[in-house]
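For the record, the sequence lines run as chains C and H. Numbering follows the numbering used here, with no gaps: position 118 of the first sequence is 107. Numbering follows the numbering used here, with no gaps: position 276 of the second sequence is 421.
No lab work stands behind these hints: they were computed from the structure. Being a predicted model, the structure only gives us computed values, none of them experimental. For every residue, glycine included, the Cβ atom is placed at its ideal position computed from N, Cα and C. Worth double-checking, as some hints may not be accurate.
[Unchecked claim] Below, a sample of chain C positions facing chain H; criterion: calculated Cβ distance under 7 Å:
no., residue
1, 1
2, 47
3, 49
4, 52
5, 99
6, 102
7, 105
[Stated by the list, open to error] Calculated Cβ distances over 12 Å to all of chain C for the following chain H residues:
no., residue
8, 220
9, 235
10, 402
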Amino acid sequence: MRLAECVEVSAPPEAVWDYLAEPDHYLRFMSGVTRWEVRGDKRSGKGARYRMLIRIGAAEVGGLIEMIEWHEPRDMAWTSITGVDQRGRFRIRRLPRGRSRVELRYQYGVAGSGVFGWLSEQVSAPTLGRHVRRTLHQLKRQVEHERLRAEAESRRRSREAASA
Amino acid sequence: MATSTLADQARQNGKGEQAESEAAASGGATDLIGSLFGRAAGAIGERLTGRLTADLDDRDPDYIRETLPRLWLLSTIWFRGEVRNLGNIPEEGAVLMVGNHSGGNVTPDTHILTLAFHTYFGVERAFYQLAHNLVVASPIGQLLRRYGTVSASHEHARQALETGAALLVYPGGDWEVHRASWERHKVDFAGRKGFIRLALDQDVPIVPVVSVGGQETALFLGRGNRLARGLGLDRLLRLKVLPVSIAPPWGLNVGDFLGHIPLPAKITVEVLPAIDLREQFGSEPDIDEVYDHVTRLMQEALDALAAERRFPVVG
Chain C
-10 MRLAECVEVS APPEAVWDYL AEPDHYLRFM SGVTRWEVRG DKRSGKGARY
40 RMLIRIGAAE VGGLIEMIEW HEPRDMAWTS ITGVDQRGRF RIRRLPRGRS
90 RVELRYQYGV AGSGVFGWLS EQVSAPTLGR HVRRTLHQLK RQVEHERLRA
140 EAESRRRSRE AASA
Chain H
146 MATSTLADQA RQNGKGEQAE SEAAASGGAT DLIGSLFGRA AGAIGERLTG
196 RLTADLDDRD PDYIRETLPR LWLLSTIWFR GEVRNLGNIP EEGAVLMVGN
246 HSGGNVTPDT HILTLAFHTY FGVERAFYQL AHNLVVASPI GQLLRRYGTV
296 SASHEHARQA LETGAALLVY PGGDWEVHRA SWERHKVDFA GRKGFIRLAL
346 DQDVPIVPVV SVGGQETALF LGRGNRLARG LGLDRLLRLK VLPVSIAPPW
396 GLNVGDFLGH IPLPAKITVE VLPAIDLREQ FGSEPDIDEV YDHVTRLMQE
446 ALDALAAERR FPVVG
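So that you can see chain C by itself, here it is in the shape it has in the complex:
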């Protein structure tokens, strides 16, 4: 099963990338995700590994994943090492006026599971589709909020410098 959604963010690709590159942020914006833990020495970048779980129906599904693409600030992609077969990708593209278009693609399934595997993919697709949409909207909110805070901080410092 393949799902894809996109959203426009009022921040440049670099700001979106900075937010996505930090593994601690994933539990805040990835909808349905119950675990996103660093496994191994590498926190981020190509080759970084994470244990991720997402609640779907009666189970928390996921496993060990590894970042296999890391093209700052455009593309990051991961694939599963153990657990459910999955591939995910964030595509970030620059838009005019300091905006970005962020796309999340997510593919999942269990190889060799036959007709029940196909059926379970169909049944879980609406839930996962909602998670993907919600993830992007939460990402947009978080990144834009971070940007507003950064801009406010910058204005405050300017005022303080001017008054001094």
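Position chain H against the provided structure of chain C, taking the given hints into account.
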């Protein structure tokens, strides 16, 4: 080992048949019926014991992985399963999971917990479940063995824990799983404390697992333990019960030997924090004290889960 268990069982069967013959000789219609039933059960028992050679190597992670989607469908759509606090299970090492058992011979709580365990920790982590000999020897036993189900014996349990696996046991066994539906919110291990000695011998933590809803998948009327004793099933098949229930598709269901179609009751499973027996009860824990503690914790958790339910089956 499994072979010694078979030999013991075969001897028990032999004694059972002899006893049934003596009972028939003493006359009486009840004794005669009991004897005939006992002989038939003895013959079945002998055939079944030949299939109890399951060992830990029967577990097949690839098979589990490929069949998890159907288990997920069943658990999600039919039982609306919910498993809480799996993070209470230690991430690594041997652990003894102790559960209350419900649902007659269909045991949906086991299916849901098995699914949740394997999706949470991955099929790579060894997970075994002890089950009654009849379950392992039944036609579906072949499939269950690939999921890590082994016949209940102290030896199998010890072997599993020595490999560093997680092991799920239901001390209440057939006694608890066939309790009447109106006792559905009661933890009843029938005083069986072997799991505590096992945890102490192997020095592994106990993780209590409590489930609710399984006893609403049929209308369980009673265990029929007197009937089982009268028919000699306890000696012949290690069956302490001959349960009576009302369940589809049979209507009146005596024995539940062929299982039944479970009602789509909502099943909720909660994993409680791990208990390190020696840390909590000293180097030589009192078995009775530990038993009371574990069953009390489980009963409290079950009461809390039961309080969340508004209606039977619906949840």
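Just pull the numbers of the violated hints for me, sorted ascending. 1 and 8
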